[in-house]
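Q: Sequences listed follow chains A and B, in order.
Under the working numbering, the first residue of the first sequence carries the number 1, and numbering increases by one thereafter.
Under the working numbering, the first residue of the second sequence carries the number 1, and numbering increases by one thereafter.
Source of the hints: derived by calculation from the structure; they are not laboratory data.
Warning: the hint list may mix true and false statements.
To be verified - Simulated crosslink set (EDC-like; lysine to aspartate or glutamate; CA at most 20 Å straight-line):
#1 A:Lys-83 to B:Asp-214
#2 A:Lys-83 to B:Glu-211
#3 A:Lys-83 to B:Asp-120
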Amino acid sequence: MSELTLLVLKFGFLLLLWVFIFAIVYALRSDLFGRVFRRPDVATGTGPTVSSFPSTPLPTPIGDVTGEASDTARRLIITTGAKAGLEIELTDQPLSIGRSRENGLVIRDDYTSTHHAKLLLWDEGWVIQDLDSTNGTFLGDERVTVPTPVPIGVPVRIGTTSFELRR
Amino acid sequence: MTEPTLVAVNDRPALTKELRLRLRTPAKQRNRELILLLFAFAINLSALTLVELGALGEATGELFGYSVALCALVLVAHVCLRLTAPEADPLILPIATALNGLGIAAIYRIDIYNGAVGWDAASVRQIAWTAIAITIAMAVLVVIRNHRVLLRFRYVVGFTGLALLLLPLIPGIGYAQFGAQLWIRVGPLSFQPGELAKIALAVFFAGYLVEHRDSLTIVGRKVLGMRFPRARDLGPILVAWAAAMAVLIFQRDLGTALLYFGLFLVMLYVATGRVSWVIMGLALFAGGAVLAAQLFSHVAGRFTAWLDAFNQEIYDAIGGSYQLVQGLFGLAQGGLVGTGWGQGRPYLVPLAQSDYVVASLGEELGLAGLFAILALYLLFVARGMRIGFEGTDDFGRLLAVGLSFVVVLQVFIVVGGVTRLIPLTGLTTPFLAAGGSSLVANWIIAALLLRLSDTIRTGPHVVVGP
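Just need the whole structure built from these sequences, with the hints factored in.
A: If you want it as structure tokens, here you go:
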């Protein structure tokens with residue numbers, strides 16, 4: 001084996017190594033420049049997306065979100081409990097709440113049922129429905145028995161967690 | 001028609017339908033992984049061939065068959081991922097495969113010089129261990145379908161970790177090598193149980209901290225502007241840590257002690273977000289290092305060899321800086337692009353296959369190659385941290401951070417030691433160094449990270465609670 005061939009092979013190998021690294025970096029470019037693709041949501045895709053993790057939720061201007069002057073809530077903010085301050089952006093899809101992993105919002109404490117409650121959009125307003133939970137869902141101080149509209153800013157309590165809707 | 005037959009008739013189409021659906025859904029992550037795996041295979045096989053060309057002048061293809069078999073096994077692992085974790089991170093498996101293959105090539109290169117063949121050759125044993133490690137990783141993926149199982153068994157896992165640490169101290173099966181009582185031997189197989197203990201401790205720390213984070217953060221006395229937790233909140237974790245430390249110091253393996261200490265500190269910091277922990281930990285560490293240098297002669301020797309490496313007396317002394325300086329000479333010989341596979345003399349350094357594999361690779365691949373390897377580690381750990389960052393449940397997040405930090409800290413301690421940035425301690429380079437226990441442990445870490453990343457992409461969006 002001649003010296004020259006070995007030299008060429010040496011550089012060839014280093015090149016291969018670096019091409020591999022750049023191939024990996026190319027594969028994770030979505031991490032660096034934001035997500036390029038979106039997973040087609042099949043069954044579990046009804047959940048919301050977490051927009052931010054602020055300790056103090058900032059009031060965001062809504063002018064650019066909705067053109068119409070509707071009172072529909074767009075955000076859900078957890079006010080007490082382990083994740084107080086967490087903000088969830090609401091879509092038009094219903095949001096299921098419970099202990100099980102299939103729910104959009106999973107609450108794991110001793111008081112939450114597997115499928116505890118459901119938030120539904122009903123004529124431009126959100127409605128909470130209790131799914132026969134053991135310890136109940138409370139809107140303000142009232143236990144929810146039938147699907148009840150949730151006004152903006154009124155706390156909904158499930159177990160040790162409560163949240164309210166914001167525009 | 002009776003009821004049961006109805007069920008049977010209805011059941012079967014549902015199953016086939018689901019299977020068909022699963023086959024038809026494009027597994028984007030897995031396809032990416034496959035392409036990158038082909039790259040990794042090319043790197044591994046060409047590295048082996050180049051070693052033979054450089055060292056022997058001809059391609060004998062002695063290990064080629066084994067290596068191709070290993071590639072096939074990695075493909076099996078890929079298929080296993082397609083079935084059990086289709087949304088798992090696509091980069092972890094190719095990176096681990098490439099690092100593992102580079103390690104095998106570096107070990108093979110030393111074997112050629114030593115004239116070791118067959119089962120005496122460390123490279124053949126390394127290939128066998130890689131096969132075992134990948135099989136165990138697949139078993140982990142199949143058995144642990146939901147990482148929260150580990151949370152439930154956190155105390156069991158924690159005690160198992162401590163037991164594993166204690167195993168080498170049992171007379172009969174434990175034995176000492178290089179002055180450290182770290183190995184157990186059952187029949188012809190020797191194993192270093194401490195490698196597995198680090199995973200067990202990471203799981204235990206993550207589980208315990210998730211449970212007690214609030215009391216660790218909020219309750220406590222304030223001293224000098226920093227809040228210190230109550231003894232009863234800290235007690236169990238401190239006991240576990242102190243026991244691990246005591247065992248390690250008793251076994252005279254301070255590199256691993258440093259690794260556990262770093263893991264403990266980082267997980268505590270990530271869980272509580274308190275800087276006081278870092279300050280307290282660093283102070284404890286500095287005190288411990290000074291104490292160890294006073295108490296143990298071999299630690300003091302390491303410090304002298306580090307600070308005054310090029311002194312002829314220390315270079316010649318037993319337990320002096322001979323290995324360190326030889327490694328540095330090797331790296332210098334390698335220069336920017338290295339001598340080429342099989343054309344350097346990495347075998348001049350003691351333990352060139354295990355502790356000094358980084359120096360071997362640095363000599364033959366040069367700075368360009370060594371940086372490529374470090375970049376691979378960086379990407380691996382960056383994926384792990386990313387998995388932790390994106391995780392929905394706090395246990396998974398902490399576990400991912402802990403596991404990837406174990407890998408990065410190990411790389412830092414080894415590479416820092418070899419390049420004389422910090423005193424040399426005997427730790428294995430993840431995936432690269434010769435040694436079965438380390439391979440098994442690191443492949444299990446890879447499997448757990450894959451499982452965690454799959455859960456994140458398929459699991460719920462928001463989780464309140466542990």
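Q: Against this structure, judge whether each hint is valid.
A: Comparing the hints with the structure gives:
1. The straight-line distance between the Cα atoms of Lys-83 of chain A and Asp-214 of chain B is roughly 12 Å, inside the 20 Å bound, and the hint therefore holds.
2. Taken as a hint, the Lys-83 of chain A and Glu-211 of chain B pair is honoured in the structure, with Cα atoms around 14 Å apart against an allowance of 20 Å.
3. Restraint check: the Cα-Cα separation between Lys-83 of chain A and Asp-120 of chain B comes to about 57 Å, which exceeds 20 Å; the hinted pair is violated.
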